[in-house]
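S.K.: Sequence:
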Amino acid sequence: MPSLTPHEALIHLMVITSASDRDMTDVELARIGDVVRSWPVFVDFNQDRLVQVAQACQKALHEKDGLEGVLARVAEALPDRLRDTAYAAAFEVAAVDLEMRMEELRVLQLIRLKLDLDTLTVAAIARAAKARLRTLT
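The opening position of the sequence shown corresponds to residue 15 in our numbering, with each subsequent residue numbered one higher.
Hints in this document: simulated from the structure, not taken from any laboratory. There may be inaccurate statements among the hints.
[Claimed, not checked] Derived lysine-lysine pairs resembling DSSO-like cross-links, with alpha carbons at most 30 Å apart:
1) Lys78 to Lys128
2) Lys144 to Lys128
3) Lys128 to Lys73
[Unchecked claim] Pairwise CB distance ranges (calculated):
4) Arg51 to Lys78: 27 to 35 Å
5) Thr151 to His76: 36 to 44 Å
6) Asp48 to Gln69: 15 to 23 Å
7) Leu81 to Leu134: 37 to 45 Å
8) Leu81 to Pro16: 14 to 22 Å
9) Arg141 to His76: 28 to 36 Å
10) Leu127 to Thr151: 32 to 40 Å
Quick caveat, the model's predicted, so the values are computed rather than measured. The beta carbon of each residue, even a glycine, is placed where N, CA and C say it ideally should be.
Work the whole structure out from these sequences, hints included.
M.R.: In structure tokens:
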């Protein structure tokens with residue numbers, strides 16, 4: 015299987031987070047699109063490829079190595095300086111509906127471990143996402 019680009023790796027993490035509970039909601043899919051359109055890390059990504067990359071991830075999840083294989087390829091594709099960005103993107107998708115299910119929490123834990131992220135970085139990302147998504151009601 016060909017290796018992933020850093021852009022593809024970021025998208026794969028968002029897709030596996032959304033798909034973790036077997037229900038990729040419209041809100042989660044919209045957030046993936048928003049991240050790809052608005053985050054500086056995607057400035058040179060051809061947005062027309064988003065659906066193709068997401069479908070490739072879904073296909074890879076059904077292969078022999080499944081989630082572990084996808085996470086290994088993601089970790090291999092991401093430079094150290096993008097690992098916190100990758101986790102932030104995944105967390106953004108998990109938090110967007112203001113309800114984190116056990117499956118999403120488990121996938122986020124696996125991502126943290128695979129990307130070797132420290133506790134303080136993870137806590138800061140979670141706090142920032144929750145503050146950003148909070149509403150008045």
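S.K.: For every hint, state whether the structure bears it out.
M.R.: Hint check results:
1. Lys78 to Lys128: This hinted pair holds, its Cα atoms lying about 19 Å apart.
2. Lys144 to Lys128: holds (23 Å)
3. Lys128 to Lys73: Holds. Lys128 to Lys73 sits at ~20 Å (cutoff 30 Å).
4. Arg51 to Lys78: 27 to 35 Å: holds (34 Å)
5. Thr151 to His76: 36 to 44 Å: holds (40 Å)
6. Asp48 to Gln69: 15 to 23 Å: Check passed, 19 Å falls within 15 to 23 Å.
7. Leu81 to Leu134: 37 to 45 Å: At roughly 26 Å between Cβ atoms, Leu134 and Leu81 fall outside 37 to 45 Å, so the hint is violated.
8. Leu81 to Pro16: 14 to 22 Å: Once the Cβ atoms are compared, 19 Å apart, the range 14 to 22 Å for Pro16 and Leu81 holds.
9. Arg141 to His76: 28 to 36 Å: About 34 Å separates the Cβ atoms of Arg141 and His76, which means 28 to 36 Å holds.
10. Leu127 to Thr151: 32 to 40 Å: holds (36 Å)
Consistency note: the structure conflicts with earlier hint 7 alone.
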